[in-house]
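S.K.: Spelled out, the chains give:
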Amino acid sequence: SAVISQKPSRDICQRGTSLTIQCQVDSQVTMMFWYRQQPGQSLTLIATANQGSEATYESGFVIDKFPISRPNLTFSTLTVSNMSPEDSSIYLCSVEKGYGSGANTGELFFGEGSRLTVL
Amino acid sequence: AQKITQTQPGMFVQEKEAVTLDCTYDTSDPSYGLFWYKQPSSGEMIFLIYQGSYDQQNATEGRYSLNFQKARKSANLVISASQLGDSAMYFCAMREGTYFGGSQGNLIFGKGTKLSVKP
Chain G
2 SAVISQKPSR
12 DICQRGTSLT
22 IQCQVDSQVT
32 MMFWYRQQPG
42 QSLTLIATAN
52 QGSEATYESG
62 FVIDKFPISR
72 PNLTFSTLTV
82 SNMSPEDSSI
92 YLCSVEKGYG
102 SGANTGELFF
112 GEGSRLTVL
Chain P
3 AQKITQTQPG
13 MFVQEKEAVT
23 LDCTYDTSDP
33 SYGLFWYKQP
43 SSGEMIFLIY
53 QGSYDQQNAT
63 EGRYSLNFQK
73 ARKSANLVIS
83 ASQLGDSAMY
93 FCAMREGTYF
103 GGSQGNLIFG
113 KGTKLSVKP
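Chains as they are written, first to last, in this note's numbering: chain G, 2 to 120; chain P, 3 to 121.
It is worth saying that the hints were derived from the structure and are not from the lab.
All C-beta atoms, glycine included, are put in the ideal place defined by N, C-alpha and C.
There could be a bad hint or two in this list.
Claimed, not checked - Subject to a maximum C-alpha distance of 30 Å in a straight line, what follows is the list of computed BS3-like cross-link-like pairs (lysine-lysine):
id: 1; chain 1: P; residue 1: LYS18; chain 2: P; residue 2: LYS72
id: 2; chain 1: G; residue 1: LYS66; chain 2: G; residue 2: LYS8
id: 3; chain 1: G; residue 1: LYS8; chain 2: P; residue 2: LYS116
id: 4; chain 1: G; residue 1: LYS8; chain 2: P; residue 2: LYS113
id: 5; chain 1: P; residue 1: LYS120; chain 2: P; residue 2: LYS18
id: 6; chain 1: P; residue 1: LYS113; chain 2: P; residue 2: LYS75
id: 7; chain 1: P; residue 1: LYS5; chain 2: G; residue 2: LYS66
id: 8; chain 1: P; residue 1: LYS116; chain 2: P; residue 2: LYS5
id: 9; chain 1: G; residue 1: LYS66; chain 2: P; residue 2: LYS113
id: 10; chain 1: P; residue 1: LYS75; chain 2: P; residue 2: LYS18
id: 11; chain 1: P; residue 1: LYS5; chain 2: P; residue 2: LYS75
id: 12; chain 1: P; residue 1: LYS116; chain 2: P; residue 2: LYS72
What the hints assert, rightly or not - Partner residues aside, some chain P positions facing chain G, computed with beta carbon under 10 Å:
id: 13; residue: GLN8
id: 14; residue: PHE37
id: 15; residue: TYR39
id: 16; residue: SER44
id: 17; residue: GLY45
id: 18; residue: GLU46
id: 19; residue: TYR52
id: 20; residue: TYR66
id: 21; residue: PHE70
id: 22; residue: ALA95
id: 23; residue: ASN108
id: 24; residue: LEU109
id: 25; residue: ILE110
id: 26; residue: GLY112
id: 27; residue: GLY114
All chains, full assembly: derive it from the sequences and hints.
M.R.: See the structure below:
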């Protein structure tokens with residue numbers, strides 16, 4: 002299993018500021034996924050981050066608002082830019098279990114999430 | 003159309019009894035995986051159980067079992083002998099595309115069911 006560490010675990014931010022969330026994995030993975038979970042809602046994929054290439058964003062999410070870095074195979078950052086109260090959410094980093102093995106089931110491991118509150 | 007439908011926003015169950023959480027899905031891809039995750043109030047996402055579209059038998063993991071009815075496109079989670087610690091949000095999710103050697107699709111989540119276990 003993969004161990005995923007996210008920082009910060011929670012933060013309270015002012016409107017108009019930006020915050021960068023870090024995700025560290027204890028093993029090398031090709032794909033890392035960033036999800037958002039708004040209060041009382043389900044998880045929505047923001048983007049998929051591959052090492053060495055631009056992140057692939059889902060409909061409704063843009064790079065200017067959610068820039069992502071993926072400098073190596075164990076680390077990624079997600080920045081939430083120019084925050085508004087609507088960005089108050091839990092942001093979760095995840096990686097695929099068993100990548101590269103023949104028995105990959107597609108299960109994702111999740112970090113503990115970063116709970117952001119924007120005032 | 004929604005890919006994953008969980009029709010029960012909330013459920014109550016008496017401690018030590020069994021409970022079934024409903025999940026129906028929609029896909030035209032013959033190869034897919036179905037997952038259940040538990041999210042306690044702390045926010046982390048905990049993987050519970052997995053069912054592959056080609057699996058002949060229903061998946062079981064301890065007190066969790068998945069009632070997979072492929073023709074009806076349903077993948078209900080059954081929790082036996084409920085415990086107080088089972089109180090949490092439960093999310094059904096699906097991943098489409100071939101999963102041997104690497105999944106292709108996004109993990110799509112349902113809206114979740116909040117389970118409350120009564121003492």
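S.K.: Okay, which hints does this one fail, numbers in order?
M.R.: The structure conflicts with hints 20 and 21, although it agrees with all the remaining ones.
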